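J.: Sequence:
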Amino acid sequence: MNRTEQYTLIDGTFDAAEAGDILYDLFSFKINYHERKNFSSQERFGVDDANAVRRLPELRQTLK
1 MNRTEQYTLI DGTFDAAEAG DILYDLFSFK INYHERKNFS SQERFGVDDA NAVRRLPELR
61 QTLK
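FYI, in our numbering the residues of the sequence shown are 1 to 64.
Careful: at least some of the hints might be erroneous.
[Said to hold, decoys possible] Okay, the calculated beta carbon distance ranges per label pair:
#, residue 1, residue 2, range
1, Gly46, Glu5, 28 to 38 Å
2, Phe39, Ala16, 26 to 36 Å
3, Phe29, Val53, 12 to 22 Å
4, Thr62, Tyr7, 35 to 45 Å
5, Arg44, Thr13, 36 to 46 Å
6, Ala17, Gly46, 36 to 46 Å
7, Phe39, Gln61, 15 to 25 Å
8, Thr13, Val53, 34 to 44 Å
9, Tyr33, Thr4, 39 to 49 Å
10, Ser40, Met1, 26 to 36 Å
11, Gln6, Ser28, 35 to 45 Å
12, Phe45, Gln6, 28 to 38 Å
13, Thr8, Leu63, 17 to 27 Å
14, Val47, Thr13, 36 to 46 Å
Quick caveat, the hints were computed from the structure, so don't treat them as lab data.
Quantities reported herein were computed from a predicted structural model and do not represent experimental measurements.
By construction, the Cβ of each residue, glycine as well, lies at the ideal position given by its N, Cα and C atoms.
Can you make the complete structure from the sequences, with help from the hints?
T.: Shown next, in the form of structure tokens:
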């Protein structure tokens with residue numbers, strides 16, 4: 001059974017500076033999330049979280 005749901009993440013009209021701030025904050029939040037997820041995995045299981053380790057460089061590169 002496939003179930004699809006749709007959510008509005010960001011809704012509005014923004015100028016370039018506001019849009020840049022929103023995207024910067026979103027990517028910063030995702031980087032922080034994966035850093036915490038990896039730290040948790042290291043502390044609990046003694047190993048890196050493979051998905052977090054893979055995503056962090058991608059997100060950091062995008063943020064540049």
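J.: A separate judgement is required for each hint: does it hold in the structure or not?
T.: Hints versus structure:
Take Gly46 and Glu5: their Cβ atoms lie about 36 Å apart, and the range 28 to 38 Å holds. About 34 Å separates the C-beta atoms of Phe39 and Ala16, a value consistent with the hinted range of 26 to 36 Å. The given range of 12 to 22 Å is respected by Phe29 and Val53, whose C-beta atoms sit roughly 18 Å from each other. For the pair Thr62 and Tyr7, the supplied restraint of 35 to 45 Å is violated, since their beta-carbon distance comes to about 22 Å.
Distance hint for Arg44 and Thr13: a CB-CB separation of about 43 Å, consistent with the stated range 36 to 46 Å. Between Ala17 and Gly46, the C-beta spacing of about 44 Å keeps the proposed range 36 to 46 Å intact. Against the hinted window of 15 to 25 Å, the Cβ-Cβ separation of Phe39 and Gln61 comes to about 21 Å, which satisfies the hint. A beta carbon spacing of about 37 Å between Thr13 and Val53 agrees with the range 34 to 44 Å that was offered as a hint.
Taken as a hint, the range 39 to 49 Å is violated for the pair Tyr33 and Thr4, whose Cβ atoms sit roughly 24 Å apart. A beta carbon spacing of about 31 Å between Ser40 and Met1 agrees with the range 26 to 36 Å that was offered as a hint. Distance hint check: the CB atoms of Gln6 and Ser28 are about 25 Å apart, inconsistent with the given range 35 to 45 Å. A beta carbon spacing of about 34 Å between Phe45 and Gln6 agrees with the range 28 to 38 Å that was offered as a hint.
Thr8 and Leu63 have their C-beta atoms about 23 Å apart, which keeps the hinted 17 to 27 Å range intact. Distance hint check for Val47 and Thr13: the Cβ-Cβ separation is about 45 Å, which falls inside the suggested range of 36 to 46 Å.
Hint compliance for this structure: hints 4, 9 and 11 are not met, and every other hint is.
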